[in-house]
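Asker: Since the structure of chain B is provided, determine the placement of chain A on it from the hints.
Chains as they are written, first to last, in UniProt numbering: chain B, 1 to 212; chain A, 1 to 271.
Just so you know, these hints were derived from the structure itself, not from any lab.
The beta-carbon is built from N, C-alpha and C at its ideal position, and this holds for glycine as well.
Do not take every clue at face value.
To give a feel for the contact side, a few chain B residues facing chain A, derived at Cβ under 8 Å [said to hold, decoys possible]: (1) Y72; (2) L73; (3) P76; (4) K81; (5) G84; (6) T86; (7) F162; (8) A164; (9) N173; (10) S174; (11) F180; (12) T182; (13) L198.
Read off the chains here:
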Amino acid sequence: MINIFTHYSHQLLVGFGWTIFSSLLALLFSLIIGAAFALMEVLPNKVCRMIGRTYVEIFRNIPLLVITMFFYLVIPMYLVKINGFTAGTIGLTLYTSAFIAETIRAGIQSVDNGQMEGARSVGMTYWQAMRYIILPQAVKIVIPPLGNQFINLVKNSSVLAFVAGFDLMYQANSIASATFDTINSYFVVGLLYLIITLPLSYYMRYLEKRTA
Amino acid sequence: MRKKFWLFSLVLWTFLLTGCGQSLSQQSVLENAKQANTITWGVKGDVRLFGLIDVKDGQQKGFDVDMAKLITKHILGPKGHADFVTVTSQSRIPLLKNGNVDAVIATMTITPERQKTVDFSKVYFNAGQSLLVPKNSPIQDAYHLNGHTILGVVGANSVDNVKKASPKAKVLELQDYAQAMNALKSKQGEAMTTDNGILYGLAVQNPGYEVRGGTFTKEPYGVAINKHQKSFVKAVNQAIDEIKADGEYNRLIKKWFGQVPGFNYKELYSK
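Extracted from the complex, chain B is given alone in its bound form (with noise of 0.2 Å):
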């Protein structure tokens, strides 16, 4: 297992990055764009409902790895070039903006309705009800399962493994077939995955405690 560390270090260490690259690529995006749908969800407009309500159900639907081979192999072949390092985050971006997006709904959803007739009485418009009343309590209900879907979106981003996106998984596979040490490869890339998903971990509990 030593040997692999040493001999490998440098190509672990690419692994490491470009994992950590892609999630972060990932998290950020999908946060955005999760958000925007739940809102859209939310929304008295039957229209955007309707388009948020039709995003959600497709991209959390559909497997990861399908979408993604998606944006490599099918996209390149009519569009335009996208290598495999942007297809796996583009597809690791979209599958989790679809659950992010059911999180927070739920979590502005599980706000009770008379905080929202309340602001509206005193006449407080929809959004600024939205941003001072519904909002921050939305999101201390979201934290928890946020978090879940931050560890989720680390382990998943795997996934570019299967396109050559240079990441923890495919530097794991291709140490483990020029070693042919399969077991203590794939122990060393879990290890790796370990140190980035348990800090996550614990800092989601710890934000956890601290907003309840």
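Answerer: Frame of chain B, contents of chain A only:
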């Protein structure tokens, strides 16, 4: 907190200890095979001409598969049964090591590195690495690939060979041949590399693509068998000799490679 720590270390140790288990190398594969009257072979499922799963009946078909059937018959007698398990370049050695398959006959090149982990029979097929490119590609051969992106498959030694021929080539490793072929069609790379036999199979399926530049390595295929199974290796070697001697080998070569355009199959005949 203390409880949690113990639970965590318990899980960790379970993982660590699985690495120390005794392998199946103490049992004789040949004896087990004779008792069960069955040899379980690892073959490819996505390589046309060598081992391809026929979608119509779900059976693996190809040169490797027919060779495995013949070797089985020569070892166990005419009633011997050959079982097939689909493997990939990446999974074939682990599956052999943990005893899921008795032997692997899956377009596998005999290399010194692999010989450290598994034993090989004698050579049953002489392949060589080549390039598959779109017909209008400017690429001529493997020695002028610097700056180009080349597609290979995880677990194959073909990637290292490209690096040796053209050190500045960029190599992407895909999961299997079908995926590498799709990636080539999607222009994720400019050429695909692996053994010529496999590439000819792909060229037959995909008009518009051709094998180019000749072979730049020698890839002798062998049957891979677990370490410490000398009796089984001997039996397989003997079977291969018999198959070559009685002309069955040449018939198989003609059956699978006789129709491939641009491939001089007669070179492969055993003399």
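Asker: Now look at each hint and say whether the structure bears it out.
Answerer: Against the structure, the hints come out as follows:
1. Y72: 7 Å, holds
2. L73: OK, holds: L73(B) within 8 Å of chain A, min 5 Å.
3. P76: With a closest approach of 4 Å, the P76(B) hint holds.
4. K81: 6 Å, holds
5. G84: With a minimum Cβ separation of about 7 Å from chain A (threshold 8 Å), the hint on G84(B) holds.
6. T86: Constraint on T86(B) not satisfied, violated at 11 Å.
7. F162: 6 Å, holds
8. A164: Since the shortest Cβ distance to chain A is 4 Å, the answer is holds.
9. N173: Where the cut-off is 8 Å and the nearest Cβ of chain A is about 5 Å from N173(B), the hint holds.
10. S174: Because about 6 Å separates S174(B) from the closest Cβ in chain A, which is inside the 8 Å limit, the hint holds.
11. F180: 5 Å, holds
12. T182: 5 Å, holds
13. L198: Because about 10 Å separates L198(B) from the closest Cβ in chain A, which is outside the 8 Å limit, the hint is violated.
Taken one by one, the earlier hints fail for this structure at numbers 6, 13, listed in ascending order.
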